[in-house]
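Peer 1: Residues per chain are reported as follows:
2 protein chains.
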Amino acid sequence: MGEFDAGRLRRYASLSREAAREGIINLNPIQRGGILPEEARRALVEFGDGYSMCDFCLKGRIDMIDRPPVRRFLEDLAAFLGMDVVRLTNRCRDALLATLMGLKRARGGSALVVDANAHYSTYLAAELAGLEVVEVPHTGHPEFRVLLEAYREAIEAAEERTGQPPVAALLTHADPYYGNLNDARRVAEICHEASVPFVLNAAYTAGVMPVDGRELGVDVLVSSGHKSWASSGPVGILALTDEVAEHVLARSERFPNKELYLLGCPVLGAALATLMASFSHVVERVKRWPEEVEKARWLVEQLERIEGVRQLGVRPKDHTLICFETPGFHEVARRHKRRGFFLYEELKKHSIVGIQPGLTKRIKLSTYGLTREELERVARAFHEIAAKYGLEVR
Amino acid sequence: MGEFDAGRLRRYASLSREAAREGIINLNPIQRGGILPEEARRALVEFGDGYSMCDFCLKGRIDMIDRPPVRRFLEDLAAFLGMDVVRLTNRCRDALLATLMGLKRARGGSALVVDANAHYSTYLAAELAGLEVVEVPHTGHPEFRVLLEAYREAIEAAEERTGQPPVAALLTHADPYYGNLNDARRVAEICHEASVPFVLNAAYTAGVMPVDGRELGVDVLVSSGHKSWASSGPVGILALTDEVAEHVLARSERFPNKELYLLGCPVLGAALATLMASFSHVVERVKRWPEEVEKARWLVEQLERIEGVRQLGVRPKDHTLICFETPGFHEVARRHKRRGFFLYEELKKHSIVGIQPGLTKRIKLSTYGLTREELERVARAFHEIAAKYGLEVR
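From first to last, the protein sequence lines stand for chains A and B.
Heads up, the first sequence is in this note's numbering, so the first residue is -15 and it goes up one at a time.
Heads up, the second sequence is in this note's numbering, so the first residue is -15 and it goes up one at a time.
Calculated directly from the structure, the hints in this document are not laboratory data.
Note that the structure is a prediction, hence the values are computed from the model and not measured.
As a list, the in silico EDC-like pairs of lysine to aspartate or glutamate whose alpha-carbon atoms are at most 20 Å apart: (1) A:K271 to B:E(-13); (2) A:K271 to B:D(-11); (3) A:K332 to B:D50; (4) A:K88 to B:E111; (5) B:K332 to A:D50; (6) A:K242 to B:E111; (7) A:K43 to B:E329; (8) A:K372 to A:E315; (9) B:K271 to A:D(-11); (10) B:K88 to A:E111; (11) B:K242 to A:E116; (12) B:K43 to A:E329; (13) A:K242 to B:E116.
Generate coordinates for the entire structure from the input sequences, incorporating the hints supplied.
Peer 2: Below, the structure is given as structure tokens:
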């Protein structure tokens, strides 16, 4: 426990965030659905201390707290998602891990079927739960469309390989790479025919667009509060049917009041307070999803005016997360002294951030929640940067 | 996804917190070490959006981010704790679970030795990791002192029962029930003689008092940012020796950049920003621990002036978490129309919160960080309530 450089300690105590400055546009797909509205910023300050939601906890369970109305809120959240029961975790992946561990113990099995566009954390959760992953393929470049009908074969393959039906089949509702939105209902049908629980990873959909688990035939829906629910987070959402809840919310042997796979309560002060504060905002904003998709399509059109730029993934866009291949920018990067960072830095001059620093071969962004004016600024910035480096803009 | 009661949605959007009001004294032991200093409140607002620390992430690993200086901060944090490596998780228990899973795979074994005052989450983590718990007993009422020498027998018993050495032995540095502070060094010696990794649960010690893992002989130290580091959290601290880190920070097979037992990055915007912002405050405050202990002893003396009140746990106090048995208040509760809630409500009239609502047989509180004036207000409030209900105050 030596002494520390005082200057460094002062620096830790006074960090500022460039991307939070007035007028900055942040295009980062993991961030656009998490930006706090004004009412959540107030809740953040009011409930800033770590255990701030636990002042009047009578039962040792955050989901049973009535003051503030956490219990009621979770019921509303379940209703909003068309599911029976909701619990909170600290991350979407923790909700998934709890699901896999609970279903594995209840049903047996040692495989998980996933789409080939699943997030890395899906693979990690499977690995940690001791499950082999069987992939449902996609069509590859340029669409990367998941072959939903292949869920049937994948379930059969899992059974052949491991001698038991898979513990579950998971679909990434909108994937993090191309923003392809998948027809969950079709996969649900296949899973139910095979009596395999259907898990929907709605990290990029629930909270930004309408998602009704009952209508889609979902058994477990997991989502991410800081990604798509305008919560400060970290907070994961675990929404279950009653049937599956029995297994996933199994109690500890020694502490029967505690849910084993959740390791007891998540700790949620500001994270939960902001999730609750933003709920009315979320309930309203999902109704505007068609406009959001329109804006995404508009930006695709604008960026594809640049030489070589092409939107990857399914066309036309039906989600706001967009991946572009940008070979022109990549060519510029090869001869630029800042290499791949040039694009990030050029965009920053236009007060635009959120493109992965250093990458130019493909870029990813989200238009979610941007105003028309902001979108126009983004398009203009890309056009000007392209022109500056000699790329043609049609 | 039906319609929601507009009044309820408005209520979620405008929650206020009684315990946050100016002049309120909060005695809750889980909260006293988590109260944010001014610089952390600023960080909370600046980094309120969920992924706010990830704006300039180049390697897909939060512990490697240099802007803001997360990597450097984690090195400083490790140095402060006298450990080699620090990673963050979302809760202390998640740090413990990662430890148990990592060590179990690396060393084999199916038991965990723990002290009988361990937090419930220790038992849950063991259960989830598939480990049988072997307990080191305490002396029972009124001291509840853990019999440290019995770690040797417990390790032997674990080996006899399971045929293998235990995966690890854990000591709760200061326990959550009586606030007994244990001599970690003694347990470390026993563990090292038996070649069993020694895990210290420092949730109630590191961050409020000086804790040097190297000096104590600790292999793994886990702690809680929202409990004892003045962080908004949720954030757990996982501090390791290099030797143990190799196992606990094992990589995913499929994603070798990601640490399997952590399930990849924790998501830490405001949680990490406030942990960093509060670090200089924490580095300073641990030096004042002897004064904190003095204040705890003073309050014990004052409350024991009330008929029947007795401090449980080791005497004199060497920690600020205090448990009292309060048979006089319990007797009052039996005939009071508000039953056990009377004490909570009477204290609230004195602007004091944080005693578990409904409980009067035993109460738990912490004096950590209270000023002399606040302590006097607390003592006076208890005395006045006692007198009001006919209990003698000597």
